[in-house]
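Residue numbers -33 to -1, 1 to 97, in mature numbering (1 follows the signal peptide of the UniProt record, and there is no 0), belong to the letters of the sequence shown in order.
Just so you know, these hints were derived from the structure itself, not from any lab. Don't be surprised by glycine CBs; every beta carbon is placed ideally from N, CA and C. It is possible that part of the hints are untrue.
Unchecked claim - Now the in silico label distances, taken between C-beta atoms and shown as ranges: (1) Cys82 <-> Val(-6): 55 to 61 Å; (2) Ile(-2) <-> Val81: 49 to 55 Å; (3) Ala83 <-> Ile(-3): 50 to 56 Å; (4) His(-5) <-> Cys72: 56 to 62 Å; (5) Ile70 <-> Asn90: 18 to 24 Å; (6) Gly57 <-> Cys82: 27 to 33 Å; (7) Thr59 <-> Val81: 31 to 37 Å; (8) Ala83 <-> Asn58: 21 to 27 Å; (9) Asn58 <-> Ala92: 23 to 29 Å; (10) Asp71 <-> Ile(-2): 54 to 60 Å.
To be verified - No more than 20 Å apart at the CA atoms, straight line, and that leaves these computed lysine to aspartate or glutamate pairs for DMTMM-like: (11) Lys53 <-> Asp71; (12) Lys87 <-> Glu47; (13) Lys87 <-> Asp71.
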Amino acid sequence: MFLASVCGHNNTMNNHTMKLLVLLFSIVHFIIAQRPVDEPWSLTGDGLRPTGETEYRVIEVEEDNKRVVSLGRRRLAPYELCLLCKCCAGNTTCITMPCCFGIDCHLPNKPFGVCAFVPKTCNCASCAAA
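Go ahead and model the full structure; you've got the sequences and the hints to work with.
Here's what the structure looks like:
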């Protein structure tokens, strides 16, 4: 009777005390085993999905013209969307039609790094061909 010697009773622990100790240990074990682990992604709802390895690249900024130069950077196709916009021929003739919007990061009167979607061409069927 290991529990009896630990508790200070020399083999005189009664049956009732032993049952209470077993019940107490069972309750503590149940509480510890059922406690949920707080994962950082469990708070976002959908959770995280693996995307592959992260690749870090060194980039340099030329201070004279604020142009970003990358070492070993691959060239990607421009990201464009085909959305409705207003296209005008002259000052008065305007029509709503699908336009190709692209990302422009050289906006006048905006700080370096501010980008926006701007219309590039009117009447697009597929922006990839424009």
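Now the hints, each set against the structure:
no. : hint                          : result
1   : Cys82 <-> Val(-6): 55 to 61 Å : 56 Å, holds
2   : Ile(-2) <-> Val81: 49 to 55 Å : 52 Å, holds
3   : Ala83 <-> Ile(-3): 50 to 56 Å : 54 Å, holds
4   : His(-5) <-> Cys72: 56 to 62 Å : 58 Å, holds
5   : Ile70 <-> Asn90: 18 to 24 Å   : 20 Å, holds
6   : Gly57 <-> Cys82: 27 to 33 Å   : 30 Å, holds
7   : Thr59 <-> Val81: 31 to 37 Å   : 32 Å, holds
8   : Ala83 <-> Asn58: 21 to 27 Å   : 24 Å, holds
9   : Asn58 <-> Ala92: 23 to 29 Å   : 27 Å, holds
10  : Asp71 <-> Ile(-2): 54 to 60 Å : 57 Å, holds
11  : Lys53 <-> Asp71               : 18 Å, holds
12  : Lys87 <-> Glu47               : 9 Å, holds
13  : Lys87 <-> Asp71               : 10 Å, holds
Hint check: no violations occur; every hint is consistent with the structure.
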